[in-house]
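Each protein sequence line maps, in turn, to chains A and B.
Numbering-wise (my numbering), the first sequence opens with residue 329 and increments by one.
Numbering-wise (my numbering), the second sequence opens with residue 329 and increments by one.
Here are the simulated DSSO-like pairs of lysine-lysine, each with C-alpha atoms no more than 30 angstroms apart in a straight line: (1) A/Lys398 with A/Lys413; (2) A/Lys523 with B/Lys413; (3) A/Lys413 with B/Lys413.
Just so you know, the hints here were simulated from the structure itself, not pulled from any lab data.
Predicted, not measured: the structure shown is a model, and the values here were computed from it.
2 protein chains.
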Amino acid sequence: MPRIKIIVAYVGTRYNGWQIQTNGTSIQEELERCIARVNSARVRVHGSGRTDAGVHATAQTAHFDVSESKAPIPWTRALNSMLPKDIRVLHHRVTDTKFHARFSATGKRYTYTFWTDPRFVLPQRLPFVWAIRSPDPAAMDRAASFLIGTHDFASFQNAGTPVADTVRTIRSITRGPGAHPGEWVYTFEANGFLKQMVRNLAGLLHAAGQGKISPAAVPDILAAADRRAAPFTAPPQGLSMDRVFYPEEYDDHGLVFGSVP
Amino acid sequence: MPRIKIIVAYVGTRYNGWQIQTNGTSIQEELERCIARVNSARVRVHGSGRTDAGVHATAQTAHFDVSESKAPIPWTRALNSMLPKDIRVLHHRVTDTKFHARFSATGKRYTYTFWTDPRFVLPQRLPFVWAIRSPDPAAMDRAASFLIGTHDFASFQNAGTPVADTVRTIRSITRGPGAHPGEWVYTFEANGFLKQMVRNLAGLLHAAGQGKISPAAVPDILAAADRRAAPFTAPPQGLSMDRVFYPEEYDDHGLVFGSVP
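So here's chain A without its partners, still in its complex pose (with noise of 0.2 angstroms):
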């Protein structure tokens, strides 16, 4: 059975997450929705993972299954002209049931972005930053240099979701500019992440930066396995699904995306 993948970026203000709610509008919704009146058939979209109410992607990854008649759809094209404009498939391919959008996926990238200019905060940018006052990048950036490598995350899962294995590898956490002068993007790269761990590792990073905590208590709060033991979750607003990791056989992030890394 042809199996359809597609590359996603949304803005996720309106919506309430990506996973299918029973209170307000998410993104597999829009997306099963918008498939359903091309295919004539509700096919099941699934995600590479969920994204909470309010964060964002540009380059969430999903796949869904249809008939062999319904596989040359242009899908790309046809989604984006019923799909709400905050929602925009970039890029899909047909591939077969071999490729899973969640259980293929190697490792993920996320970016939280931080504005740290203590004086306003442009409405261009609201709906996309965590502001936060003056904080000390050299305690941030210290912060999560512990964070990096194989480590129990427990510290950093927020409940809902139970796994069994709390077990996660952190490649790298970097601080780059962002949009504007004053914001900091982290971008965080690991195997996979916890529910909530990335922005439990920005809150994380924002208490280092303001001094709440001190860089050299991060091995302690990992060596609790306890979210009691770290500070609070960032919010939704700041974070970025910004790659999903396939082997090389179903990579299209570099065709999307061309140079960026």
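Given chain A, work out where chain B should sit, using these hints.
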């Protein structure tokens, strides 16, 4: 009488432009409504100039008059607590009637943002860019070079608000990078602009970039002094009012935006 000078940023997407209209909501209307709530009297807000429906601003400047007793109100904070999130007052100061947001202005700066990646526009950037197909930057820059200086810009003035003198001096047009790879930001600085002039200039750059006109034809287009001689008006969403220049004693731009030029 105390006069309050404010610097205002807004996302124009939801608004029918700066100026109060009989249909739709305007930025001016929102400001006057909120000022009336603290001021007890309705006052007129005078902007440095209008912006069209869908046009943004990072530093529109305006003024309004209040009684002595109301001058000490923390206007920035007070207005932001009542305004919609897509309109933010970035700064206010108490001045006097010698200052006028429109008549004291010595120049203005606008940015126009093109999305030049032929493949897709991220929904995060869709409200802020005009997507044009693989333009030639050298042709656009060359066309821009003919616009710099003192010219009769009658060919770039749209109907609706006729002015006696259509001569303006463009001090500079520069191209820089935008918030995302593939965005080009053209910055236009002049002693003043005619109605929809920047959007008409952006339309000219687009035509040059697409090879629809030769950059060398720009002097003839200027000389024609006829709107029909120039290409069509660029859409509003790429445009943003970036700065209003005032004599030094009224210039708060550095205070608000720091070292950002």
